[in-house]
Amino acid sequence: MATIYTYTAFGLTFSSEIEIPEFLPTTGESQVLITLGNVPENIEGNSTEGFRFQISKNEFIIRFKPWVSFYVCNGNSIIIQPEKDADERDVRVFLISSVIAILLHQRGWMPLHASGIKVNNKAVLFSANSGIGKSTISLALNRKFGYPLIADDITIISEKEGKPIVHSSFPSAKLWQESIDLLGISNEGLNYIRKDVFKYRYDNRPDFFNGILEPFIVFVLENSDNEKVEISEVKGIEKFNVLRIHIFRLRMVNELYATELFKLISILLNTAKCFKISRPKNGNTLDELCSIVQSIITK
Amino acid sequence: MKKNIVWLASYPKSGNTWCRIFLSNYLNKTNEPANINKLDIGAIFSSRSIIEENTGYDISELTANECDELRSFAFSKWSENYGDNAFLKTHDAYLALPNGENMFPVESTKAAICFVRNPLDVAVSFANHMATTPEKTVDKMSDSDFCLAASTKKYNQQVRQRLLTWSGHINSWTLQKDFPVLTVRYEDMLENPSREFLSILDFLKMPIDLDKLTKAINNSSFETIKKIEKEIGFKEKPAKCETFFKVGKSGYYKNILSEGSIKKIINDQTDCMKNIIIFQNQGN
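Going down the list, the sequences are from chains A and B.
Take the first sequence: its letters are residues 2 to 300, numbered as in the numbering used here.
Take the second sequence: its letters are residues 17 to 300, numbered as in the numbering used here.
I should point out that these hints are in silico values taken from the structure, not numbers from a laboratory.
Treat the hints with care, as some may be off.
[Stated by the list, open to error] Partner residues aside, some chain B positions facing chain A, computed with beta carbon under 8 angstroms:
#, residue
1, N53
2, T71
3, G72
4, D74
5, E77
6, L78
7, T79
8, C83
9, L86
10, K169
11, K170
12, S210
13, K251
14, A255
15, T259
16, F260
[Claimed, not checked] Listed next, with one range per pair, are the computed distances between beta-carbon atoms:
#, chain 1, residue 1, chain 2, residue 2, range
17, B, G116, A, K145, 49 to 55 angstroms
18, A, T260, B, F195, 53 to 59 angstroms
19, A, L191, B, K279, 44 to 50 angstroms
Predicted, not measured: the structure shown is a model, and the values here were computed from it.
Backbone N, C-alpha and C fix where the C-beta goes; we use that ideal spot for every residue, glycine too.
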C-alpha cells in the first residue's frame, strides 16, 4: 500500500500519495486528496480551452508536456499523471502553484499573487507580477525586523462571518540567484525548483507562521522607468482594479468565479489599506523599500 | 482567426526601432513627434508579460524551450485585439520548435518586413548596445548559438531569443515561404526615407497620405529621436548602454572596427552580404 503523506497548506489539510517536502506535515482529517492516476482526456460538458488546459467551474485539466498532467475537481481532489522520466520537482512545481491555485478557486477562495509577513498578528501582503521582488521584500523584512513569513507567491483570502481572512501558504520561497545575493543567503545545499529551471527553492522554516490572520495592508509593487521609489495610497475603484489583476491565474479562470472573487476583493478592501509602490526597474532599492514599508506598518 | 500580424524582423541595430517610430508617427493623429516610450503600434514577440497574460502560465517555472511552445498561442490570441496590422517586432530568427511545429503564429500572420544593414556597421552599433567590444560582437555575429535574454539565472522581462548568425538570421526570414516578406535595407532608408517607408506602406496596403508621410519622416529622423532620447530617455535602452540612438550613419565602422574584425565579418558573412548587395558598396 502506498505511503500517504498529510500536510497543511493554504488553510487546508492535504492527503497526498506523493511527498511534498515544501509543505508542513500535519495530522488529522484531510479536505483534499492528491492521488496518482489517469487524467481524463477531456472535461465532459461545457468547458473552455486554453493552452494545453481545459477548465469548467468544477473541473480543470492541464498538461505540462512532456512531464505531467493534472486533473482537479470539486475543490477537493487532484489526480496526478506523471509521464515516464518526469523528475519529481517537475511535478511538484506545477502542483503547488497553478494546480492548487485552481483548486482554491474551485472552493470559492481567492488566491492572490502575493507574498506576505505577519505583523502584530495581522497580515501584510506584497502583491505583484512575477519578477518584481515579492519574495525578496518579504524575506528581507523577515531578516531585518523578524516578521515571520506567511506566504511566498500565493496568499489565500477567504471569508469568515462576513470578514476577510488570510490563510498562510507554506514556508518555502522561490528565489533567483540575484535575490539570494541581495538577501545575503548562501545557495549551498539549495535545490533548483526544477531540474532545468535554475531558480532556487529556499525553505524559511522555522521562521514561518502557519495559520489565519486578519488582513492589514496590501502593498502592490510595480517596476517603473522613474529613478526614485514612489509610494501612494490607493483608494476607491483603483484599489479594486489593482488587486483584481493580481488574482493568481486569473487568465486561466477568467470569469468563472467572478461573483466569488468580486465579493472577496470587496470585503478585503473594506478592511485592508492598499499602497502602490513603484520602484526603478534597475538598481538595488531593497533597503529603501524595507524602510518605507517599515515606516508605514509601524505608523 | 485574424490574419493581421506584421513582423518587423531584424538582427539588432538594423533599423527596426526606427521603422516602429516612423509607423507610430504615421498613425499618430497629432503633428507632435510620438513619445518614443509609448510606441502604441504593437509589441515585441519576446514580451514575457504578453505571453503570461495570454496563456495564464508563469514563465519563471518553465525552461526557455517550454516558453517557446507558448509563444505562437499567446501572440495569436494577442493579435485578436488589433485591426488590419498587429505589428510585432522580433529579433528572433525565423525558426520552428524542436518538434517541427511553428514557434511563430503563421496562421495569424499577414506579412513580414525584414530590415537588413551592413553587418560592419551592425557590429559597431550592436557593441555599443551590449556595452561590449566590437571584437566580441563580431564573434557573436558568427555564432549560430547566439541568443538574447539567454540568462537562466535571473528574471528577465523578455524570453530567450535565438538569433543564429547574422547571415543565418537574415536567410531565415528572407528565404521562408510561409508568408510574404519585404526586405528593406537600412542604407536605403538613410538615403531615401520617403521611398522606403512608402514601399512599406504600399506593401502592407496601408492608406497612403503624403502629408502624414512627410510629418512621420521628420518626426522620426535620427536627429529628432536622438534629441527626444536625450530629453526623456528611452525605455528600450539596455541599462549598461549609454545611449540607444548613437550614430545611425552608414560606413561608421571605418572609424571603429579593426582590420581583423572587418576581415572576419566579410569572411563569415560573404554570401549573405552579396545577396543583399551591401558587399558591393564596400568596394570589394
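Against the structure, the hints:
{"no.": "1", "hint": "N53", "verdict": "holds (7 angstroms)"}
{"no.": "2", "hint": "T71", "verdict": "holds (5 angstroms)"}
{"no.": "3", "hint": "G72", "verdict": "holds (4 angstroms)"}
{"no.": "4", "hint": "D74", "verdict": "holds (6 angstroms)"}
{"no.": "5", "hint": "E77", "verdict": "holds (5 angstroms)"}
{"no.": "6", "hint": "L78", "verdict": "holds (7 angstroms)"}
{"no.": "7", "hint": "T79", "verdict": "holds (5 angstroms)"}
{"no.": "8", "hint": "C83", "verdict": "violated (11 angstroms)"}
{"no.": "9", "hint": "L86", "verdict": "holds (6 angstroms)"}
{"no.": "10", "hint": "K169", "verdict": "holds (5 angstroms)"}
{"no.": "11", "hint": "K170", "verdict": "holds (5 angstroms)"}
{"no.": "12", "hint": "S210", "verdict": "violated (33 angstroms)"}
{"no.": "13", "hint": "K251", "verdict": "holds (5 angstroms)"}
{"no.": "14", "hint": "A255", "verdict": "holds (5 angstroms)"}
{"no.": "15", "hint": "T259", "verdict": "violated (16 angstroms)"}
{"no.": "16", "hint": "F260", "verdict": "violated (13 angstroms)"}
{"no.": "17", "hint": "B/G116 <-> A/K145: 49 to 55 angstroms", "verdict": "holds (52 angstroms)"}
{"no.": "18", "hint": "A/T260 <-> B/F195: 53 to 59 angstroms", "verdict": "violated (43 angstroms)"}
{"no.": "19", "hint": "A/L191 <-> B/K279: 44 to 50 angstroms", "verdict": "holds (47 angstroms)"}
In terms of the numbered hints stated before, the structure departs from hints 8, 12, 15, 16, 18, listed from lowest to highest.
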